[in-house]
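A.B. asks: Chains as they are written, first to last, in the numbering used here: chain Y, 16 to 365; chain H, 16 to 365; chain L, 16 to 365.
Honestly, the hints are just simulated from the structure, not real lab data.
Keep in mind that the hints are not guaranteed to be accurate.
Copies of the same chain look alike in the list, so a pair counts if it fits in one copy or across any two.
What the hints assert, rightly or not - Calculated lysine-lysine pairs in the DSS-like style (CA-CA distance at most 25 Å, straight line): (1) Lys332 with Lys238; (2) Lys60 with Lys332; (3) Lys41 with Lys353; (4) Lys317 with Lys277; (5) Lys277 with Lys188; (6) Lys41 with Lys188.
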Amino acid sequence: ETSVTLYGIIDTGIGYQQLKGSDGYKATRFGVINGVQSGSRWGMKGSEDLGNGLHAVFQLESGFDSSTGNSAQGGRLFGRQATVGLAGDSWGELDLGRQTNIASKYLGGVIDPFGNGFAQANLGESFTSANTLRYDNMILYQTPNFSGFQFGLGYAFNASGNQAWKISGQNDKNNRAITTGLRYANGPISAALTYDRFDNDSIDGGAVNEWNIGAAYDFEVVKVSLGFGQTRNGLFQTQGAGFNNADSGSADYGVGSDAMVKLDGLKVNSYLVGLSAPIGNGKILASWQMADPGSSYTGDLKKQQAYSLGYTYNLSKRTNLYAIGSYATHQYFSDNLKSTAIGVGVRHMF
Amino acid sequence: ETSVTLYGIIDTGIGYQQLKGSDGYKATRFGVINGVQSGSRWGMKGSEDLGNGLHAVFQLESGFDSSTGNSAQGGRLFGRQATVGLAGDSWGELDLGRQTNIASKYLGGVIDPFGNGFAQANLGESFTSANTLRYDNMILYQTPNFSGFQFGLGYAFNASGNQAWKISGQNDKNNRAITTGLRYANGPISAALTYDRFDNDSIDGGAVNEWNIGAAYDFEVVKVSLGFGQTRNGLFQTQGAGFNNADSGSADYGVGSDAMVKLDGLKVNSYLVGLSAPIGNGKILASWQMADPGSSYTGDLKKQQAYSLGYTYNLSKRTNLYAIGSYATHQYFSDNLKSTAIGVGVRHMF
Amino acid sequence: ETSVTLYGIIDTGIGYQQLKGSDGYKATRFGVINGVQSGSRWGMKGSEDLGNGLHAVFQLESGFDSSTGNSAQGGRLFGRQATVGLAGDSWGELDLGRQTNIASKYLGGVIDPFGNGFAQANLGESFTSANTLRYDNMILYQTPNFSGFQFGLGYAFNASGNQAWKISGQNDKNNRAITTGLRYANGPISAALTYDRFDNDSIDGGAVNEWNIGAAYDFEVVKVSLGFGQTRNGLFQTQGAGFNNADSGSADYGVGSDAMVKLDGLKVNSYLVGLSAPIGNGKILASWQMADPGSSYTGDLKKQQAYSLGYTYNLSKRTNLYAIGSYATHQYFSDNLKSTAIGVGVRHMF
């Protein structure tokens, strides 16, 4: 019995990006892109049989930028995941440590034809709690699969960084986060419902929260998905424009720049329509998304929309090529910002 | 023949910590704790047979915080160990690079029921040279086991960081450190004697040094251990209060904050009484420790004492659960600081 | 079929270094040295057969300082290499990501008896484009071996760091680099020709460029090599004095301190004569190098020369010992700086 599996993904390509703003502002970038379909990573994982249907499980996953070799996730060694847990055949699994939230685990697999990947094309552009969001210091429980249903509930004692001391008479500086959700998969039907909430006493404003719902039907020729969500009092992890992924620490949000940001009164409605169609050895992927802040917060925020089209082609079980094009209007809800991203790449899994 | 073994430990739990000071100061922390029994780590090691009883050996060990995925040891990649060496059946082993000192290798295994682990409960709370202290740039020689005896001697050209240039007419900025010791183990009896010394010409004050002696007897129902040591002119690696381990770069010492600190004239006597008792699939662990600065340095320093009780329960050979409680008075030798730490966790080895 | 190979090198020793300057300036350093023969590293690599003579290949390589455990290459996780590529039996190989340039791949193997290693002794002391120089964001194509010939061509969209946005009306901040070369090996004869060029619009001065040519003949008793090169308008990656390797981020160049530096008008001619002779289980290595700035740039720059002698002794296929001595005059082209480096070490490969 081997006690550890070494694995990874390297995803690198060539891409062109363009940002167009007001007053003739135009920024372009042409060069090597990385982690577009799947964030480049290496990791170790394992499972030990403890008897009586009980297993000890662990996963350590390290993200990196395959164009420069730098660590991703702000330089963390195991920035993608660092968990140890116990799993029981009858009662489910309990994991402790840094890991993605329930929305990122459950929603994308149902509604996003791009499967939480492809940068600006991924559902995280509009559904910020499902944007491969990770919480530190999280205890996460998930049930086993019951007739296609699975439920998960997690609590992060501090979602970002080491646990802070709470000093008498002062505010608690920890980002307390709750994540929960339900997913269903049976034959051609799949569906998910998620809810996330975080608060930080030392920052003014109400608790930021988001709920999302989505469903998909696989007609075999084509799979169709629909998603809707609502975010209040702020945003979770925002997606950078084009191939600029917030997850790599390069977010630059018009209305804030943090992984989680309180914006009291902001209310964003998010929509997604997705299509995917298998074609020979590959798959065509397409989605339309919108994040609509209405007139909440300030009246200057505009409806952000993204139109994305992709194609993946399998060279083997572990290697595929891809092409992606995505166009977003009112990126970052800003009045004039248009973001275009076009790229091709190769993804290799080991 | 495999040339490399990939291995690791993940140790994560839930804990409560409290610091109480003067004037109603109270700080608490409840959440995910990590590396309490054993620092979370992954590593690579190997041994190559060179013939004639000679082996080439290496070990690269990387520490991390399993609650956030960050690197430990101040962000070093292989912060726990980075050595290559030669080992001979007849003459012993010579290792070059970053590694723990002799006190950390020899003393804890004899006197500390908590085995150099369990944060505030570990012997490093009082015996700072045995607090899993690591020296950079060390050449370390250890004899083979002779009738139960083993001797070790190491010299660090610069104990912390890259070798500094010595410029004519200026002080030498390198932390020169010597570590040596003897240990004995035979049947129920074990004993250890260690000595460490470091100096830095560019800092005023005498050389910091510490010697420690300890012994244990295993009555099978219970193992009893006693330790005594004396530190002069400063401190080696100080232990953070509660689950706050200096080794993770989070030390906050009342009388200094560095890994090694010169405090000219300080003289601390350290004491430890330990007990451990196997119970079924587990073990009960207990110790009392005291670090007594007497009236040396300034008269304001108080006797730091720590009372600790723990329990480990083996789920398998590679996975165990644990519970720990520790209470310290005059933490950091300060007049009023009381530190309480209570936690449970799981440790998985791969 | 295994999908990943875990490998590495640890190279650690003991050495003495001395820098002597004007006005009695003298700096010395004695202690643990690391990565002298080969930079200490660990990595993962693999190749997947895609059928029809096509392979997917990847390599992730992480450099570290084996005396302290710190990451090398300025703290990058995979600072030595991070590539994914496709290789075809008939057409060659295409690799994307961070990797060494063609000069570092082709020239050292031909002309440098020290094989791109041994710090100050390596050809990078004089031929800065061949100094194990790495480019980020590079697309690199290499032909298969045709009757002993191989050709390579690479383009780095930004040679150092993430792709920068090009904003209309502003300079392009990316370091655009081209690397190309040809090598030949057949029986006792080997030869190489390389060319590198980089430019950065936002820095004044012409494009920095270097071409190098070299050849060697293996008489079996001794192998003799000759190299010549010319660098214009700046320098590529400069070598630190003694065991202080620029590659570890510790360069301190008299006329600049960056990995690539523009110095408009500078013209350096580089020369190398190398000898290596197998002796029993080992090999003797020797070279003389000179980098001559003539009267270009400023008249104060002097001819830097380095005389180096080394010896390697194989304990096994994976482990060897080495000794090295190198003496350089006018180090960093400075009027008076003499650099001496003497060391012994062990290199273990896994």
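A.B. asks: Can you give me the call for Lys277 and Lys188, within, between, both or neither, at a CA distance of at most 25 Å?
C.D. replies: Result: close within a single copy only, 14 Å intra versus 34 Å inter.
A.B. asks: Check Lys332 against Lys238 for me: Cα-Cα at most 25 Å, and say if that holds within a copy, between copies, both or neither.
C.D. replies: within (21 Å within a copy, 47 Å between copies)
A.B. asks: How do Lys41 and Lys188 come out at 25 Å by Cα distance, when the copy is not named: within, between, both, or neither?
C.D. replies: between (39 Å within a copy, 15 Å between copies)
A.B. asks: Under a CA distance limit of 25 Å, which applies to Lys317 and Lys277: within one copy, between copies, both, or neither?
C.D. replies: For Lys317 and Lys277, the Cα distance is within 25 Å only inside one copy (18 Å; across copies 45 Å).
A.B. asks: Quick one: Lys41 to Lys353, C-alpha cut-off 25 Å, is that within a copy, between copies, both, or neither?
C.D. replies: For Lys41 and Lys353, the Cα distance is within 25 Å only inside one copy (10 Å; across copies 51 Å).
A.B. asks: At most 25 Å between alpha carbons: which applies to Lys60 and Lys332, within, between, both or neither?
C.D. replies: both (20 Å within a copy, 18 Å between copies)
Violation of the numbered hints given earlier is absent; every hint is satisfied by the structure.
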